[in-house]
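A.B. asks: Spelled out from the first residue to the last, the chains are:
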Amino acid sequence: QKEVEQNSGPLSVPEGAIASLNCTYSDRGSQSFFWYRQYSGKSPELIMFIYSNGDKEDGRFTAQLNKASQYVSLLIRDSQPSDSATYLCAVNGEVTGFQKLVFGTGTRLLVSP
Amino acid sequence: KAGVTQTPRYLIKTRGQQVTLSCSPISGHRSVSWYQQTPGQGLQFLFEYFSETQRNKGNFPGRFSGRQFSNSRSEMNVSTLELGDSALYLCATKPTSSWGEQYFGPGTRLTVT
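Chains U and E are the protein sequences, given in the same order. With the first letter of the first sequence counted as 1, position 109 gets the number 109 in this note's numbering; the numbers rise by one all the way through. With the first letter of the second sequence counted as 1, position 52 gets the number 52 in this note's numbering; the numbers rise by one all the way through.
Hints in this document: simulated from the structure, not taken from any laboratory. Certain hints may be false.
[As the list claims (entries may be wrong)] Listed next, the in silico SDA-like pairs over lysine to any residue satisfying Cα-Cα at most 20 Å (straight line):
| # | chain 1 | residue 1 | chain 2 | residue 2 |
| --- | --- | --- | --- | --- |
| 1 | U | 2 | E | 112 |
| 2 | U | 67 | U | 48 |
| 3 | U | 2 | E | 2 |
| 4 | U | 42 | E | 38 |
| 5 | U | 42 | E | 111 |
| 6 | E | 57 | U | 93 |
| 7 | U | 42 | E | 12 |
| 8 | E | 57 | E | 96 |
| 9 | U | 42 | E | 7 |
| 10 | E | 1 | U | 47 |
| 11 | U | 42 | E | 39 |
| 12 | E | 13 | E | 112 |
| 13 | U | 56 | E | 99 |
| 14 | U | 42 | E | 41 |
| 15 | U | 42 | E | 26 |
| 16 | E | 1 | U | 2 |
| 17 | U | 42 | E | 62 |
| 18 | U | 56 | U | 40 |
| 19 | U | 56 | U | 42 |
| 20 | U | 2 | E | 59 |
| 21 | E | 13 | E | 62 |
| 22 | E | 57 | E | 38 |
| 23 | U | 42 | E | 101 |
| 24 | U | 42 | E | 42 |
| 25 | U | 42 | E | 2 |
[Claimed, not checked] With the C-beta cut set under 7 Å, the calculated list includes, among others, these residues of chain U facing chain E:
| # | residue |
| --- | --- |
| 26 | 29 |
| 27 | 32 |
| 28 | 46 |
| 29 | 51 |
| 30 | 52 |
| 31 | 99 |
| 32 | 101 |
| 33 | 103 |
| 34 | 105 |
[Stated by the list, open to error] Partner residues are not named here, just some residues of chain E that face chain U (Cβ under 8 Å, in silico):
| # | residue |
| --- | --- |
| 35 | 52 |
| 36 | 56 |
| 37 | 60 |
Quantities reported herein were computed from a predicted structural model and do not represent experimental measurements. Beta carbons are placed, not taken as given, at the ideal position from N, Cα and C, and that holds for glycine.
Put together the whole structure using the sequences plus the hints.
C.D. replies: Structure, rendered in structure tokens:
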């Protein structure tokens with residue numbers, strides 16, 4: 001079982017729709033959860049992080065965390081073609097080490113005009 | 001604030017050679033981590049340094065090494081290069097007071113021929 005799992009996609013949504021990206025993790029000791037966006041040929045860019053159960057909103061982005069189900073998600077409202085990228089989920093915690101992020105393989109999002 | 005800088009941005013080396021990559025963190029960030037990104041393995045943690053000390057290390061052979069200087073700048077070295085070392089090498093830095101969020105530099109694209 002991989003430590004962090006994501007559906008590789010691509011996830012295709014029309015412009016203006018809500019994109020829902022999901023991530024599960026295996027280490028129950030994980031404490032912080034991160035979403036990065038990576039455009040082709042570029043480095044990952046931090047979008048949001050969350051550490052408490054529930055929702056955290058920042059503009060068009062909402063991160064959702066459910067530690068009991070070991071599940072974290074990212075919602076992108078009013079999706080734009082410029083949101084087309086690979087979205088990486090990352091976690092850290094006791095087992096992996098707080099200094100280290102463990103990444104999923106990413107979900108490719110395609111937003112069509 | 002200036003972002004994380006990495007040099008060089010692109011590098012072509014021959015098998016058996018060695019290479020040194022450099023990373024300058026965001027001002028005030030003392031933690032520097034290195035990651036390798038390949039299409040097959042995704043983003044994998046190499047090591048992390050804080051105050052010139054390696055605090056965590058990933059599952060890479062001893063050919064991969066690093067160090068950190070007193071000004072928090074970091075270098076990583078790969079000796080006896082193999083074709084499989086071709087990858088994007090990313091440096092990420094973390095604020096001292098944080099939930100673990102890391103900010104990536106633009107990366108160094110290493111090609112081994």
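A.B. asks: Go through the numbered hints given earlier and state which of them the structure violates, listing their numbers in rising order.
C.D. replies: Hints 1, 3, 16, 17, 18, 19, 26, 30, 35 and 37 not satisfied by this model.
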